[in-house]
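Protein chains: 2
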Amino acid sequence: MAVYTPISDEELEAFLDEYDLGQLVSFSGIAEGVENSNFLVRTTADTFILTLYEKRVNPDDLPFFIELMRHLAKKGLNVPSPVPGRDGVTLRALNGRPAAVVTFVNGVWRRRIQPSCCRELGAGMAEMHLAGQDFAMARANDLSVAGWRPLFESCDLPSREIYHALHNQLNGELRHLEAHWPTDLPAGTIHADLFPDNVFFLADKLSGFIDFYFACTDLLAYDLAICLNAWCFEKDGSFNVTKAQNLVSGYESVRPLSVAEREALPILARGSALRFLLTRLYDWLNHPEGALVKPKDPMEYQQKLRFHQTVSGPTAYGLS
Amino acid sequence: MAVYTPISDEELEAFLDEYDLGQLVSFSGIAEGVENSNFLVRTTADTFILTLYEKRVNPDDLPFFIELMRHLAKKGLNVPSPVPGRDGVTLRALNGRPAAVVTFVNGVWRRRIQPSCCRELGAGMAEMHLAGQDFAMARANDLSVAGWRPLFESCDLPSREIYHALHNQLNGELRHLEAHWPTDLPAGTIHADLFPDNVFFLADKLSGFIDFYFACTDLLAYDLAICLNAWCFEKDGSFNVTKAQNLVSGYESVRPLSVAEREALPILARGSALRFLLTRLYDWLNHPEGALVKPKDPMEYQQKLRFHQTVSGPTAYGLS
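So the sequence lines, in the order shown, correspond to chains A and B. Just so you know, we're using this note's numbering here: the first sequence kicks off at 1 and counts up by one. Just so you know, we're using this note's numbering here: the second sequence kicks off at 1 and counts up by one.
For reference, chain A alone in the conformation it holds in the complex:
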């Protein structure tokens, strides 16, 4: 469930009084999502999402996220568009939490991925990358290669004997990635969390992107590598090369990759697999007893990492 901070009708009505959004018609907590508290708010004017940012989001990062959504929305992308109050201020406070209202993005996320979804995703992601090229703000990716070793060490695997093999395996992978991580590829603003539940479709067409709270400035091709992991494996762990082909060719229909970017895909995919393996492992080892949100299985990403370790070049992803 994704309502950590309840709000009352009176609190919400007082909050909405600062906006020019008409009268409150209804609101309900949204069950999906794990990081923040989200409410679907209907007014006489329209439908909105109210987000209360919980403690895993660094408040200093919020202006970047908000302004990025505003920038992309202004460029015509269908993303949540931040709604300022009458005083022009978007980032406010409600119930002791930073809070913001954004427009509602129509669409449903695809539970079962068709290859055609991957093509739509690739093209939409490339459009987002192009639209983000002139975004003036920057935010370092604290979950890229420099952030992995501190995260790995905070998992404290050596303290538990059953994790010794995993520790050695991940330590070796980390050394490899630290030694070979590319630095000279095109960079820009990336979403960095384009999992299926953050990508909306209406019928067969991509209708929008949501959840920009991991967005950052990083290698553009790294966003693609994240999607290779999040969209192109089957439930049984097998890699679906048709989906990968569709993803990359959809991307290249809008923004062709350089040779260096193509060559870097295997290591970027390894890094992306390690990133989600490490964050899931950390959550797995540290989630409180009886937590509302069940942590995701980290071992899914161990299997994906192993696949990419066997890859000798971009042809393994269906690239000619």
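Heads up, a few of these hints could be off.
Each pair of labels, with its calculated beta carbon distance range [said to hold, decoys possible]:
| id | chain 1 | residue 1 | chain 2 | residue 2 | range |
| --- | --- | --- | --- | --- | --- |
| 1 | A | D20 | B | K75 | 33 to 39 Å |
| 2 | B | D61 | A | L130 | 53 to 59 Å |
| 3 | A | K296 | B | Q133 | 49 to 55 Å |
| 4 | B | D134 | A | G96 | 46 to 52 Å |
Some chain A residues flagged as far from chain B (calculated, every beta-carbon gap over 12 Å) [unchecked claim]:
| id | residue |
| --- | --- |
| 5 | H176 |
| 6 | F200 |
| 7 | A260 |
| 8 | W284 |
Partial selection, computed: residues in chain B whose CB lies under 8 Å from chain A [stated by the list, open to error]:
| id | residue |
| --- | --- |
| 9 | G107 |
| 10 | A131 |
| 11 | R149 |
None of these hints come from the bench; they were simulated from the model. Ideal Cβ positions, reconstructed from N, Cα and C, are used throughout, including at glycine.
Let chain A serve as the given structure and place chain B on it in line with the hints.
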């Protein structure tokens, strides 16, 4: 959280194909509610609630609930109106659960109760009672006096020494209620669960009722007694006689109580307090470890029961 049964986009789209509701625009699980799985479904036509009935609801009771909502909606009450499929069938199946689509009721529930809310509630409840008078179906209240002893016994208090005092206290109360429970008062269709979160307001006006899944055929004044407990106590446990006065006078502005109904209010309030005490106690003693829904504190209703035990007549509720 109130999504026990997840549904996929494809399952929902196939389900909605049986309806004449336009194209799916978005859907999200609703965090509120504890009994069933509820989804807010937006289509090109309108906004709806899709409910999947979970195992605490007896499927045999569903036609009563559905037809009652239809009956009340047809009479002009603002309640969820069941939406049939193209084949005229309302009660369908989705993901192995009985499922139904109803219209969305605008409004927000009041977290902080003003006496004027109680007046609105009383009048609205009386209108619902009148509108239900010619409803043709009947459903016995399995949580009225005949159902309390089996529920009490299934709590198995004697098996745990710390509950011996509570066992004796509740056993005595049960005997009193079984001996004195009124039988000759006006009966009809009651909601039987009119807690604040089931009553919607827009500004200061009552805008609708939801959640008819405890509705039944019982004494009309028992519905009022449930609201005396659910709406007229403060957080510190004190009884607010102004709220009770407002509740009853609002009710009587639409449907005056008989002398016998007024005289019966204290015992009906005791019975209603015991009913919620017993169901909460049962859930408290039987909820599985790590359950998603935290059981409600039964002792809140022990305190309310004690208050009503001290009451000598309806004047204690502010009735002249």
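Hints and how they fare:
1. For the pair D20 (chain A) and K75 (chain B), the supplied restraint of 33 to 39 Å holds, since their beta-carbon distance comes to about 37 Å.
2. Range check, D61 (chain B) to L130 (chain A): Cβ separation about 56 Å, and the 53 to 59 Å hint holds.
3. Remark: the range hint 49 to 55 Å for K296 (chain A) to Q133 (chain B) is upheld by a beta-carbon distance near 53 Å.
4. Checked against the hint of 46 to 52 Å, the pair D134 (chain B) and G96 (chain A) passes, with Cβ atoms roughly 51 Å apart.
5. The Cβ of H176 (chain A) sits about 38 Å from the closest Cβ of chain B, beyond the 12 Å cut-off, so the non-interface label holds.
6. The beta carbon of F200 (chain A) sits about 8 Å from the closest Cβ of chain B, which is not more than 12 Å, so the claim that it is off the interface is violated.
7. Under the 12 Å C-beta cut-off, the non-interface status given to A260 (chain A) relative to chain B holds; the minimum distance is some 37 Å.
8. The beta carbon of W284 (chain A) sits about 16 Å from the closest Cβ of chain B, which is more than 12 Å, so the claim that it is off the interface holds.
9. Hint on G107 (chain B) holds. Least Cβ distance to chain A is approximately 6 Å, under the 8 Å limit.
10. Checking A131 (chain B) against chain A by beta carbon gives a least distance of about 23 Å; that is not within 8 Å, so the hint is violated.
11. At its closest, the beta carbon of R149 (chain B) sits 34 Å from a beta carbon of chain A; the interface hint therefore is violated under the 8 Å criterion.
Of the numbered hints stated above, those contradicted by the structure are hints 6, 10 and 11, listed in ascending order.
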